[in-house]
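Listed below are the residues making up each chain.
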Amino acid sequence: MLKTFRIGGVHPEANKLSAGKAIQNIEIPAEVSIPLAQHIGVPGKPIVKRGDKVKVGTLIGKSAGFVSANIHSSVSGTVKKIDKVVDASGYRRDAVIIGVEGDEWEDSIDRSETLIKECNLSQKEIIDKIASAGIVGMGGAMFPTHVKLMPPPGTKAEVLIINGVECEPYLTSDHQLMMEKTEEIIIGTTILMKALNVSKAIIGIENNKKDAIDKFTQYATSYAGISIQPLKERYPQGGEKQLIDALIKRQVPSGALPISVGAIVQNVGTTFAVYEAVQKNKPLVERIVTVTGKEVKNPCNVRSRIGISFKTLIDFAGGLPQNTGKIISGGPMMGKAVAYTDIPVTKGTSGILIIPSSKARRKAPSDCIRCAKCIHVCPMGLNPTLLMNLSEYSVWDRAEKNHITDCIECGSCSYTCPANRPLLDYIRLGKGKVTDIIKARKN
Amino acid sequence: MENKLVVSHSPHIHGGDSIPKNMYGVLIALIPAFLVSLYVFRFDAAIITFFSVLFCVVFEYSITKFILKKEPTIRDGSAILTGVLLAFNLPSNLPLWILAIGALAAIGIGKMSFGGLGNNIFNPALVGRIFLLISFPAQMTTWPVPATAAATDAVTSATVLANLKFNPDNLPSLTHMFLGIEGGSLGEISALALLLGLGYMLWKKIITWHIPTAILGTVALFSGILYLVNPIPLHHPLIHLFSGGLMLGAIFMATDYVTSPLTKKGMLIYGFFIGLITMCIRLWGAYPEGMSFAIVLMNGFTPLINYYTTPKRFGEVRKNG
Amino acid sequence: MNAILIAVALLGTIGAVSATILYFVGQKFKVIEDPLIEQVNDILPGANCGGCGFPGCRGFASAIVKAETMDGLFCPVGGQETMDKIASILGKSAPATSKKIAVVRCNGTCEYRPQTSIYDGVRSCAIEAALYGGETDCFFGCLGLGDCVEACLFDAIHINPQTLLPEVDEDKCTACGACVKACPRDIIELRKQGPKSRRIFVSCVNKDKGAIARKACEVACIGCSKCLQVCAFDAITIENNVAYIDDDKCRLCRKCVSVCPTNSIWELNFPPRKEKTSASPKEEIKKTV
Numbered sequence: 000m001l002k003t004f005r006i007g008g009v010h011p012e013a014n015k016l017s018a019g020k021a022i023q024n025i026e027i028p029a030e031v032s033i034p035l036a037q038h039i040g041v042p043g044k045p046i047v048k049r050g051d052k053v054k055v056g057t058l059i060g061k062s063a064g065f066v067s068a069n070i071h072s073s074v075s076g077t078v079k080k081i082d083k084v085v086d087a088s089g090y091r092r093d094a095v096i097i098g099v100e101g102d103e104w105e106d107s108i109d110r111s112e113t114l115i116k117e118c119n120l121s122q123k124e125i126i127d128k129i130a131s132a133g134i135v136g137m138g139g140a141m142f143p144t145h146v147k148l149m150p151p152p153g154t155k156a157e158v159l160i161i162n163g164v165e166c167e168p169y170l171t172s173d174h175q176l177m178m179e180k181t182e183e184i185i186i187g188t189t190i191l192m193k194a195l196n197v198s199k200a201i202i203g204i205e206n207n208k209k210d211a212i213d214k215f216t217q218y219a220t221s222y223a224g225i226s227i228q229p230l231k232e233r234y235p236q237g238g239e240k241q242l243i244d245a246l247i248k249r250q251v252p253s254g255a256l257p258i259s260v261g262a263i264v265q266n267v268g269t270t271f272a273v274y275e276a277v278q279k280n281k282p283l284v285e286r287i288v289t290v291t292g293k294e295v296k297n298p299c300n301v302r303s304r305i306g307i308s309f310k311t312l313i314d315f316a317g318g319l320p321q322n323t324g325k326i327i328s329g330g331p332m333m334g335k336a337v338a339y340t341d342i343p344v345t346k347g348t349s350g351i352l353i354i355p356s357s358k359a360r361r362k363a364p365s366d367c368i369r370c371a372k373c374i375h376v377c378p379m380g381l382n383p384t385l386l387m388n389l390s391e392y393s394v395w396d397r398a399e400k401n402h403i404t405d406c407i408e409c410g411s412c413s414y415t416c417p418a419n420r421p422l423l424d425y426i427r428l429g430k431g432k433v434t435d436i437i438k439a440r441k442n
Numbered sequence: 000m001e002n003k004l005v006v007s008h009s010p011h012i013h014g015g016d017s018i019p020k021n022m023y024g025v026l027i028a029l030i031p032a033f034l035v036s037l038y039v040f041r042f043d044a045a046i047i048t049f050f051s052v053l054f055c056v057v058f059e060y061s062i063t064k065f066i067l068k069k070e071p072t073i074r075d076g077s078a079i080l081t082g083v084l085l086a087f088n089l090p091s092n093l094p095l096w097i098l099a100i101g102a103l104a105a106i107g108i109g110k111m112s113f114g115g116l117g118n119n120i121f122n123p124a125l126v127g128r129i130f131l132l133i134s135f136p137a138q139m140t141t142w143p144v145p146a147t148a149a150a151t152d153a154v155t156s157a158t159v160l161a162n163l164k165f166n167p168d169n170l171p172s173l174t175h176m177f178l179g180i181e182g183g184s185l186g187e188i189s190a191l192a193l194l195l196g197l198g199y200m201l202w203k204k205i206i207t208w209h210i211p212t213a214i215l216g217t218v219a220l221f222s223g224i225l226y227l228v229n230p231i232p233l234h235h236p237l238i239h240l241f242s243g244g245l246m247l248g249a250i251f252m253a254t255d256y257v258t259s260p261l262t263k264k265g266m267l268i269y270g271f272f273i274g275l276i277t278m279c280i281r282l283w284g285a286y287p288e289g290m291s292f293a294i295v296l297m298n299g300f301t302p303l304i305n306y307y308t309t310p311k312r313f314g315e316v317r318k319n320g
Numbered sequence: 000m001n002a003i004l005i006a007v008a009l010l011g012t013i014g015a016v017s018a019t020i021l022y023f024v025g026q027k028f029k030v031i032e033d034p035l036i037e038q039v040n041d042i043l044p045g046a047n048c049g050g051c052g053f054p055g056c057r058g059f060a061s062a063i064v065k066a067e068t069m070d071g072l073f074c075p076v077g078g079q080e081t082m083d084k085i086a087s088i089l090g091k092s093a094p095a096t097s098k099k100i101a102v103v104r105c106n107g108t109c110e111y112r113p114q115t116s117i118y119d120g121v122r123s124c125a126i127e128a129a130l131y132g133g134e135t136d137c138f139f140g141c142l143g144l145g146d147c148v149e150a151c152l153f154d155a156i157h158i159n160p161q162t163l164l165p166e167v168d169e170d171k172c173t174a175c176g177a178c179v180k181a182c183p184r185d186i187i188e189l190r191k192q193g194p195k196s197r198r199i200f201v202s203c204v205n206k207d208k209g210a211i212a213r214k215a216c217e218v219a220c221i222g223c224s225k226c227l228q229v230c231a232f233d234a235i236t237i238e239n240n241v242a243y244i245d246d247d248k249c250r251l252c253r254k255c256v257s258v259c260p261t262n263s264i265w266e267l268n269f270p271p272r273k274e275k276t277s278a279s280p281k282e283e284i285k286k287t288v
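Taken in order, these protein sequences are the chains called A, B and C. Per numbering that gives the first Met the number 0, the first sequence starts with residue 0, numbered consecutively. Per numbering that gives the first Met the number 0, the second sequence starts with residue 0, numbered consecutively. Per numbering that gives the first Met the number 0, the third sequence starts with residue 0, numbered consecutively.
One should not assume that every hint holds.
Derived pair list, reagent style DSSO-like, types lysine-lysine, alpha-carbon separation capped at 27 Å [unchecked claim]:
no., chain 1, residue 1, chain 2, residue 2
1, A, 362, B, 69
2, A, 231, B, 69
3, A, 79, C, 214
4, A, 44, A, 2
5, B, 311, A, 2
6, B, 203, A, 358
7, A, 48, A, 2
8, B, 311, A, 362
9, A, 296, B, 204
10, A, 279, A, 116
11, A, 231, A, 61
12, C, 208, A, 61
13, C, 208, C, 98
14, A, 123, A, 199
15, A, 44, A, 123
16, C, 214, C, 191
17, A, 2, B, 3
18, C, 180, C, 91
19, C, 206, A, 80
20, C, 208, A, 432
21, A, 231, B, 68
22, A, 79, C, 248
23, A, 83, B, 69
24, A, 48, C, 195
25, A, 248, B, 3
26, C, 191, C, 180
27, C, 195, C, 254
28, A, 296, A, 358
29, C, 191, A, 79
30, B, 204, B, 311
31, A, 358, B, 68
32, C, 191, A, 432
33, A, 400, C, 214
Treat the hints as calculated values from the structure; they're not laboratory data.
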């Protein structure tokens, strides 16, 4: 019996079209735009100006608060301007636009492929290195990693969980990274264990990636305290709270952080970035992106520098199909649809999914038939149909009482609804409003 | 840009479930019971079912089109389902004009007056049945002798439950009851066929096990305890389970999406009370059968149950923590 | 006969006892309320719209009776007339305020602001705004899904099916501010209604640089500051690439209207000018209204 989380969940068709495709390097275009807000929290403060020369790894945006992250140049060249650019948020936000000249890296970065296993740094030194490398959660949440590694006083991490679930359909970037950088990820895990001072780490991988499970199991034997746990395929297993529940049978209470049950979750992509930052001095300047879709000519996994436009990546995968109806940044369940193709890749871009126009539009909703299927699939044990109605009619006090803020926006309810009701649209709106109300009350 | 991109909120894919899929799924689950009724009541069963569906569909179409002036909703299959369920709750020799009145009550009063599918408080088919039962008690409680029964002079027969209550010496065997070659309303006779339907709906995930189990369990437990105290046929749990509209009600009527509670906890409470009320009516009420009253009564309590039962929330109970 | 007498006596006694209890309880728990509150409440419009910032008209009435002065308390629905009446009851003086009206500051019709993407989802501006910049390249303009229409209790704002922009019905608008709160883009503003309903305002809130704004919408304010130079009363400011006319300072001279290169400054309810200029976009829009 494979492990999985205990409440709700759905099982969408996997459609992993790019599975097993080796990671390809993409040619750097003439210009990149690196957004200064690539993480949750305060956007980075630009420290370069027009005309400045930068190399790969040069700091261009400085962390501007406790929850914030450094931004580095992903190319070498000249800063053209700092301007507002439309990014995956759907709005224009500040970005540093750099004209590319060659590919020169900062001298401190070790670009060799040699594996460095030993890490003799102290806990604090590791966290400082991760912070200065600007690493954020690369599963999509984009929460600054160094903040996560500093549990609030009074809490103690007991176990480190590495998220290799990749439960979103279509996406394979984590899977391919796990296959190609197995040992690096395991070393990254040991570094994170050291940073957290824990002796136990569990790597959770869904059972549709049997090759990765085998490879990790084989390598992990020579490292103490790391175990591999195959998981049943189920969405949203990659959700932090769901993964903790699946692996250690502990449920994070409403409104609390995972540390309250002694767990810290990091994505495999993040873990690999940690390895590179600590062992190779390499800041987060590139990531693996899956470019996929049923009509895409060559669905693939590419290593893309931050700031390269979606268009460049789509062209690399065979160009934008004629009948494209929708472009999604991320997976089909939680990804964000974008209106333009010149949006830059950020630290959280796990995939670019292209959907043909025949599948792009939603079906017309009809009245709720109260089948309760949304309730059965909700992984947080909420009542989506009730929350939708409360949001639609602005009954915020009851929405709060019914825990609208617990929603993780996984979309299982809208995915399941036989009446095609836009449950999550309204719940998301209500969640925002209720969060604002709670914040206003605290002040 | 050559063609405009569509932008919408996540999720961008849908599981493909739809209202018609669920409605036709229930109809498929009703096929075994229909076949048994064809075998037992021959052509009459087909006539009643056909006209019941026809009336329901025509009424729904006319009401949406000419009175509410909305897009007709008959394609979602819910009117067909109401028609079949109504027919299954009627004796096979019911005059067609009474059937038409029942269909009008079911669709007109039970469903469309509340605003159509999803907004009705009571199960439409049961509204139709109860309307007829109270308006035409004689026609509604004389059942034809099954074509499969041994040849007798009688044209009509009493149901098992009526016999149980008023004439306990005249009872058929349990096997007969289970297979359903005894008198009764069209679709309720064969417990076996209905259980097959339940299996299909559970397999297709159209319904969950909670409501049927709660109802059948309550009935079995309640009569079981009474049987232990006083073992007379009226208290026999298996007779209660296999007779009357219990199976049909527990599997197909009480589980109606719109009128049953949303949470699993609520479903269990709802099922428990349906079982309890049914048994009370069967044992001590004026009617031999109380299933439809019990369901409609609990339909009325559904909003209240929904208000007070919440799903089991993530992180509410911390295990091993 | 006897039974009737007993019944009458019994019920009579119960009635008398209950009445006595009720009387004493009523005395004991009597709430002494200022009768002025009732009087003020009667004058108020009774719409309970919350435009004054209090929960309903009664809340406003009790607040204004208790308050020292009437400063800062204003019923936008009743307007100056109502406030003056209240002032005479309370023996206070109502500060002179001018009647306000909701103004929609976007004139990007389909014609001037081409659609570049298709929004598929709930017809709600708040939900669309949470997703992205909207169906056009202007990320500040009206989304046209009618959250303001939904919010209006007085049926005073409607989406024009031709322009897909909301329009305010001057006779019905009470300046309660519900639409201002409902609009996720802060397009609607309460401005002075002005003498004979004449008013001038910048009908654009696009904060993008001129070139980007202009590319997205032909009638966007591009922050060129021509209006700023021509204004003799210092009423115009430009911040974040968009001009704003202060309605306290504006003297309705209309100079800014004629110099605006994108026709994003609107004049309403003025008599037609003597020299007929070529049909400007806003006049075309007015024709369709």
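Each hint, compared with the structure:
Proposed proximity of residue 362/A and residue 69/B is supported: the alpha carbons are some 18 Å apart, at most 27 Å. With a CA separation close to 45 Å, the supplied pair residue 231/A and residue 69/B exceeds the 27 Å bound. For the given pair, residue 79/A sits about 21 Å from residue 214/C by alpha-carbon distance, which is consistent with the 27 Å threshold. Our distance criterion of 27 Å between C-alpha atoms is broken by residue 44/A and residue 2/A, whose separation comes to about 43 Å.
Under the criterion of a C-alpha separation no larger than 27 Å, the hint pairing residue 311/B with residue 2/A is consistent with the structure, at around 20 Å. Between the alpha carbons of residue 203/B and residue 358/A the distance comes to roughly 25 Å, so the proposed pair stays at or under 27 Å and holds. Taking the CA atoms of residue 48/A and residue 2/A, the gap is near 52 Å; set against the 27 Å cutoff, the hint is violated. Taken as a hint, the residue 311/B and residue 362/A pair is broken in the structure, with Cα atoms around 30 Å apart against an allowance of 27 Å.
The straight-line distance between the Cα atoms of residue 296/A and residue 204/B is roughly 37 Å, outside the 27 Å bound, and the hint therefore fails. A hinted pair counts as satisfied when its Cα atoms are at most 27 Å apart, and residue 279/A with residue 116/A qualifies at roughly 11 Å. With a C-alpha separation of about 41 Å, the suggested pair residue 231/A and residue 61/A falls outside the 27 Å cut-off, and the hint is violated. For the hint pairing residue 208/C with residue 61/A, the CA-to-CA distance comes to about 25 Å; that is within 27 Å, so the pair holds.
In summary, the hint linking residue 208/C to residue 98/C is not supported, as the alpha carbons are separated by about 34 Å, beyond the 27 Å threshold. Restraint check for residue 123/A and residue 199/A: satisfied, since their Cα atoms lie roughly 19 Å apart, inside the 27 Å limit. Restraint check for residue 44/A and residue 123/A: satisfied, since their Cα atoms lie roughly 24 Å apart, inside the 27 Å limit. Restraint check for residue 214/C and residue 191/C: the C-alpha separation of about 31 Å exceeds 27 Å, so the hint is violated.
The hinted pair formed by residue 2/A and residue 3/B fails the criterion: a straight-line CA distance of about 43 Å is larger than 27 Å. Note on residue 180/C and residue 91/C: the hinted pairing is violated, with a Cα-Cα distance of about 31 Å set against a maximum of 27 Å. A threshold of 27 Å between alpha carbons decides the hint, and for residue 206/C with residue 80/A the separation of about 19 Å falls inside it, so the pair holds. For a cut-off of 27 Å, the pair hint linking residue 208/C to residue 432/A is broken: about 30 Å separates their Cα positions.
Our distance criterion of 27 Å between C-alpha atoms is broken by residue 231/A and residue 68/B, whose separation comes to about 49 Å. Distance check on the hinted pair: residue 79/A and residue 248/C sit about 41 Å apart at the alpha-carbon level, beyond 27 Å; violated. Proximity of residue 83/A to residue 69/B is assessed by CA-CA distance (about 47 Å); at most 27 Å being required, the pair is judged violated. Restraint check for residue 48/A and residue 195/C: not satisfied, since their Cα atoms lie roughly 52 Å apart, outside the 27 Å limit.
Of the pairs offered as hints, the one joining residue 248/A and residue 3/B is violated, with about 46 Å between alpha carbons and a cut-off of 27 Å exceeded. Taking the CA atoms of residue 191/C and residue 180/C, the gap is about 18 Å. The hint holds against a cut of 27 Å. Of the supplied pair hints, the one linking residue 195/C and residue 254/C holds, its CA atoms being roughly 19 Å apart against a limit of 27 Å. Taking the CA atoms of residue 296/A and residue 358/A, the gap is about 17 Å. The hint holds against a cut of 27 Å.
Note on residue 191/C and residue 79/A: the hinted pairing is violated, with a Cα-Cα distance of about 45 Å set against a maximum of 27 Å. Restraint check for residue 204/B and residue 311/B: satisfied, since their Cα atoms lie roughly 20 Å apart, inside the 27 Å limit. Distance restraint check for residue 358/A and residue 68/B: the Cα-Cα separation of roughly 31 Å exceeds the 27 Å cut-off, and the hinted pair is therefore not satisfied. Under the criterion of a C-alpha separation no larger than 27 Å, the hint pairing residue 191/C with residue 432/A is inconsistent with the structure, at around 30 Å.
Between residue 400/A and residue 214/C the alpha-carbon distance is near 46 Å, which puts this suggested pair outside the 27 Å criterion.
The structure is inconsistent with the numbered hints 2, 4, 7, 8, 9, 11, 13, 16, 17, 18, 20, 21, 22, 23, 24, 25, 29, 31, 32, 33, although it conforms to all the rest.
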